[in-house]
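**Q** If you want the building blocks of each chain, they are given just below.
2 protein chains.
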Amino acid sequence: MTIVPLALPQYHYDIVIEPDCLPHLGGALRERGLGKKSPKVLLVSHPFLLHHYGSKLVDSLTGAGFVVSTLSLPPGERFKTANSVQKIYDAAQAHHLERSSLMIALGGGVIGDMTGFAAATWLRGIDFVQVPTSLLSMVDASIGGKTGINHPKGKNLIGAFHQPRLVWIDPLVLQTLPGREFRAAMAEVIKYGVIWDAELFKLLEGTRRLDQLRYIAPETLQEILTRCAQAKATIVMEDEKEKGRRALLNFGHTIGHGIETASRYKINHGEAVAIGMVLASQIAQRMGLWTEDCHDRLLNLVHKAQLPTAIPPSVPMDAICQALGSDKKIEGGKLRFILPTQIGQATIVDDISPDLVKEILTIGYTKN
Amino acid sequence: MTIVPLALPQYHYDIVIEPDCLPHLGGALRERGLGKKSPKVLLVSHPFLLHHYGSKLVDSLTGAGFVVSTLSLPPGERFKTANSVQKIYDAAQAHHLERSSLMIALGGGVIGDMTGFAAATWLRGIDFVQVPTSLLSMVDASIGGKTGINHPKGKNLIGAFHQPRLVWIDPLVLQTLPGREFRAAMAEVIKYGVIWDAELFKLLEGTRRLDQLRYIAPETLQEILTRCAQAKATIVMEDEKEKGRRALLNFGHTIGHGIETASRYKINHGEAVAIGMVLASQIAQRMGLWTEDCHDRLLNLVHKAQLPTAIPPSVPMDAICQALGSDKKIEGGKLRFILPTQIGQATIVDDISPDLVKEILTIGYTKN
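Chains as they are written, first to last, in our numbering: chain A, 1 to 368; chain B, 1 to 368.
Among the hints, a few may not be true.
Which copy is meant is left open, so a pair is good if it fits within one copy or across any two.
[Unchecked claim] In silico DSBU-like cross-links for lysine-lysine, where the CA-CA straight-line distance does not exceed 35 Å: (1) 37 with 56; (2) 40 with 241; (3) 87 with 358; (4) 40 with 304.
Don't read these hints as lab results, they were simulated from the structure.
Sequences are here, hints too, so could you generate the full structure?
**A** Right, dumping it as structure tokens:
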């Protein structure tokens with residue numbers, strides 16, 4: 001078992017990583033005094049996950065004395081909407097959730113973000129717990145308290161900072177994760193290697209394949225999950241509300257979000273971030289911040305994860321530019337990029353010229 | 001001019017009360033460094049208020065270098081919905097509001113709560129300013145950072161704590177406030193007198209009539225507004241997130257909210273609170289916490305404000321009880337009441353028996 005603590009002035013919580021920990025969640029909540037005043041829990045998930053893991057989790061919770069009701073939402077980014085959050089509110093109301101009740105998100109980033117946002121805004125904020133089931137959510141979305149939903153015109157435009165009270169990671173659930181989603185999440189894993197943790201980068205370089213779970217030894221997976229959680233937790237502790245260094249986590253995300261939105265979410269988050277990292281890496285190279293060798297090493301990892309490195313021709317460039325314009329990473333009309341400087345380090349650059357971005361986007365359609 | 005400071009660990013802001021201060025808002029924002037990084041402002045209001053005060057405010061803002069767009073929403077509690085907030089999001093998106101942009105609420109509690117909630121959740125939180133135009137909002141809703149909207153099944157079930165950066169109160173705008181709303185707000189003014197400020201209570205006792213603005217001298221009004229703001233600010237500073245003493249502000253609100261919901265908002269907030277205070281006062285008397293003399297003095301003020309003291313027969317008792325059951329003031333199934341102990345003091349009682357409440361509700365239909 002690995003426990004990564006995340007300490008903020010107002011909150012302190014653990015990120016627990018342990019194979020087969022799902023059946024122990026109920027006890028862990030009790031140990032931590034969660035839901036002490038009210039035993040009511042709303043478990044939010046989607047049909048597939050509830051089928052596979054629902055009873056395990058519900059048994060554990062009821063065994064620990066909680067009264068659980070379950071809400072099943074349709075899976076997928078296109079359901080990360082105000083409408084889905086409304087369904088969580090309705091369930092919270094029907095279940096008479098109180099200020100000291102708990103919401104639990106069993107799912108990937110979409111379920112986690114929505115449930116977190118509902119918890120942030122139900123009765124002006126109640127506790128919630130993240131049980132991430134996707135690799136992407138385990139290494140990124142479930143940690144750090146960013147919650148939210150999409151606006152029809154842009155991703156994550158609506159949201160709140162609301163920290164979970166516990167992040168409960170069971171690597172075994174990755175066995176049911178579709179291959180495409182596993183690969184996509186590798187983009188974020190690679191990201192931590194580039195911007196923060198050179199050791200992680202080398203660990204990934206030393207792993208033969210990154211495109212499927214079965215090629216990665218359990219102890220390597222545990223180390224990858226731990227290093228990612230540590231990186232994320234450290235950055236969040238430095239800068240909870242993204243006023244400074246937390247923006248480093250957006251490496252690959254400026255253009256990535258643009259591509260994701262412009263593709264109408266046909267290209268998933270991780271794939272878009274992979275392309276975004278490659279293009280940001282090219283911008284860094286152009287600006288003399290980052291060597292060709294580093295760029296090639298990054299490209300090599302992206303290839304090993306079987307992730308795209310070029311923008312598919314089906315995504316029109318003007319749609320990407322338009323999405324960039326309404327992206328919240330713009331301050332005073334300028335484009336903000338996170339650019340790598342060496343393996344394990346990156347910097348925030350606030351005044352990248354739109355012309356350079358367009359040039360890189362144009363090249364971005366050709367295979368690297 | 002009165003300035004009441006409100007200092008919290010993370011935020012510090014002023015509540016400014018000054019006749020004819022509307023045309024000076026732009027300069028005040030600049031002085032306080034608000035909107036420094038982005039000149040974009042979204043002004044949210046409703047048609048009537050924009051007609052009377054919109055150009056004054058917009059002129060002041062544009063004169064100070066802000067780029068203002070205006071959103072007009074329909075007035076009234078029944079529009080305090082997710083749908084209205086969606087319209088604010090749409091306007092924020094269309095106007096390309098950035099993290100450092102500003103929202104301004106020109107209106108009563110409904111506009112203020114919704115705009116505050118939109119600001120709390122747009123890009124995970126941007127700054128906002130309250131320009132309250134109703135007496136109710138001046139003395140209560142605009143101060144203290146409670147924001148939110150109604151759920152079809154209950155008031156304010158969805159929301160966030162998000163402090164404004166400035167509260168800008170111009171008592172002159174009360175001249176266009178409908179009489180019914182002025183009277184309703186007096187319920188909250190009386191509330192502060194009961195739970196917090198015996199001097200205020202006496203000031204109200206010394207005022208001949210409390211039912212219309214024209215009977216209240218400008219200097220008395222200024223003192224009422226100041227004392228209410230001070231009471232609210234002090235309580236919020238002690239307990240921002242309502243984990244303890246802030247609950248005192250809910251005097252009259254437990255039953256009040258129930259009546260408001262059960263009447264489908266035909267009885268407005270202040271009227272419902274007035275009835276709620278009278279009934280809570282009766283509960284306090286029953287429990288020997290509060291004297292008959294104090295009860296009569298409270299009743300006298302409520303009468304002077306021409307506010308109801310009994311539940312109208314049109315509001316069925318079972319509907320009130322049902323609304324009480326889904327009210328967020330319930331912890332562990334028990335009913336929480338704020339009960340007065342002497343003029344200027346109150347206490348929080350967590351375990352009022354539902355039987356006593358039903359008994360008081362039954363009596364509550366007869367004229368006091």
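**Q** Going back to the hint list, which numbers does this structure go against?
**A** Hint 4 is the one this structure does not satisfy, whereas the remaining hints hold.
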